[in-house]
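Can you make the complete structure from the sequences, with help from the hints?
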Amino acid sequence: MESVLQSLLEVARNPAPAVTAWKQGTNGKVIGWLPIYVPEELIHAAGALPVSLWGGSTEIARADAHLQGFACSVVRSVLEYGLKGTYNMVDGFIFPSTCDHIQNTSDIWAAVFPGRPKFDLVYPANRQSKASAAYLERLFTGLQEWLAALTGSAASEGRLRESIGIYNHYRALSAELAALRSSRPECMSDLEFSLITKSALFLEKTEYNRRLAELLPWLARRTVRPRPKVRLVATGIMAEPQGILQVIDELGGAVVADDLALGARILRAPADETLPPLSALVDRHLRLGPCSTLYDCRKERGSHLLGLAARHNADGVLFLSMKFCEAEDFDYPVLKAELEAAGLPLLLLEVEQQMSALGQVRTRLQAFLEILAQGAGR
Amino acid sequence: MTLTMGVDLGSITAKCVLLQDGCRVLADCVVKGGMIGDGAQKAVTEALHRAGAALTDIAYTVATGYGRVIFAGANEEMSEIGCHGKGAYFQEPEARTVIDIGGQDAKVIRLGAGGRVSNFAMNEKCAAGTGRFLEVMAQALSHPVAELARLGSQATGKVSISSTCTVFAESEVISSLAAGCPVADIVAGIHESIARRIAGLAYRVGPEEKILVTGGVAQNRGVVSALAEKLGCELLVPQFAQTNGALGAALYAFEKFRLAADHVD
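Protein sequence lines, in the order shown, are assigned to chains F and X. Here my numbering = 1-based position in the first sequence + 11. With the first letter of the second sequence counted as 1, position 66 gets the number 56 in my numbering; the numbers rise by one all the way through.
Certain hints may be false.
[Claimed, not checked] Chain X is nowhere near these chain F residues, computed Cβ spacing over 10 Å in every case:
1) Ser18
2) Lys34
3) Asn38
4) Gly80
5) Ser108
6) Thr162
7) Ser194
8) Glu215
9) Thr217
10) Ala231
11) Gln257
12) Ala321
13) Phe335
14) Gly370
15) Gln371
[Claimed, not checked] So, partial list: chain X residues that the calculated Cβ filter (under 10 Å) puts toward chain F:
16) Met68
17) Gly72
18) Phe110
No lab work stands behind these hints: they were computed from the structure. Just so it is clear, CB atoms sit at the ideal spot from N, CA and C, and this is done for glycine as well.
Listed below in structure tokens is the structure:
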């Protein structure tokens, strides 16, 4: 079973071989999508492999010729990987209208890679009006048509229904994995959890589901670390650079729940399988959130975090602020006030995927965990 | 008699405090050369020499500061934030806020009941508003850093240093010199610039009196008074300002030793 775990960790660390192997084995198309929300089921039903492009720790050199230094590290490294040829096996790219950085990178992408297939998924900012559902249905139909042209075959309703089932199963298994790290954080390190979650972004989901289902009962009995002294909820775009998770581990803490975009946010809201398949995906998008990049008139992120902390018996919240992510930055003051009012300690850590020196991060985390340990009494 | 030791390995200096029975400072010393070189060893040797003690007399040692992870002679390591809180509360039980301005970072620490750290803020990755900033500016002005306070006190005006970035600020200082501005006024501007930066940090945690200023930069009266003016309140510089972190580490060491001894009993 260790080898199944290692295979997933390896995919997360170095996805290219797995993606290339899938492509060679199936002769299918690979579709890359940028954060945060893309109805992967449509890609899957079209017989293509969806792979998500959330950047990485690569050194930025070429991308700086096209993007300003104060763009977030996700778009800078995605562009860098594109220019380096890392995405050469990717046949088409989907750019959701998540934020200004991704929207503008889409335009730069078109100029840098003329002729490479690209689809802009322009979401409605308002998800409350009736028109949003009709608009989304048209948007997703457009995406289906684009995928059909690219793959040479249109997905039937039956195939889409099947893909929705596979993705709901993927979300259910992911929820089991998440429940396990809260009930028995001793069974895997924070880094392992994060890499398993990330590996799903590069594997065909039937295959991923098979491996994860095999792994879960084994993980439940495994012990790799002592019971954590401090339990944390992590929020933000992603828990990268991964060294941060190792530092938390070394200091005797554990992330027991998260509200990360590359984490719980994309895994929320199973699609309603009683609805016609396209409507189910529209309905799912309308129910996504809370998220800094989705308009939320009820401002539910604070109460969501408080709920997570209460349900998972967490001592504090770690806000991993992706440098230059305006959406997250604007949420922070509101969250800070709400969490402080509720007496839930919060630590803000500014992160970039390219960060290599973690000395200051370590000092902050250690001081935060020392404060929390006083109160936790574990 | 129980002797405990606190070692604070900073980016520029190494500090060591020897504590007797968790209440009396036997020796405290500051040695140039922090994490790099043998600063830590020198500081330990010097403190032991001053106290007339040997390394084998030390019951427990806690290391803190940036080099805490690489310092081999400690029983345990703790964050400098916890240690500065501890040291400050020992020196002034009414302290509610500690402003520590070290070599490469600045911290504002809020203390709650019993001197426990309740909140803190640290400067971002750059060295603006820290000891290193002062060193770079002193170099640009061709004056020793220790003389800046005296120079600044002779100012009749203040030259505004608006750049936060140390490198840009250095260019501003050089431009001001080239424009013939009096050195004293430039120094006052530098102090003001650090104070502005630290005050911004302090407002993030909400400073509450009494406020202690610690760290190497606390020795510069110019910075301390500019900061007091910005925050609109009195600031205290304790007796062990630069060695406050090491003092906190020695206090923790005493607690840890007693806890371990209780377990043995």
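For each hint, the structure was consulted:
no.	hint	in the structure
1	Ser18	33 Å, holds
2	Lys34	40 Å, holds
3	Asn38	47 Å, holds
4	Gly80	13 Å, holds
5	Ser108	30 Å, holds
6	Thr162	45 Å, holds
7	Ser194	29 Å, holds
8	Glu215	40 Å, holds
9	Thr217	44 Å, holds
10	Ala231	33 Å, holds
11	Gln257	13 Å, holds
12	Ala321	21 Å, holds
13	Phe335	13 Å, holds
14	Gly370	6 Å, violated
15	Gln371	6 Å, violated
16	Met68	7 Å, holds
17	Gly72	5 Å, holds
18	Phe110	6 Å, holds
When the structure is compared with the earlier hints, violations turn up for hints 14, 15 and for no others.
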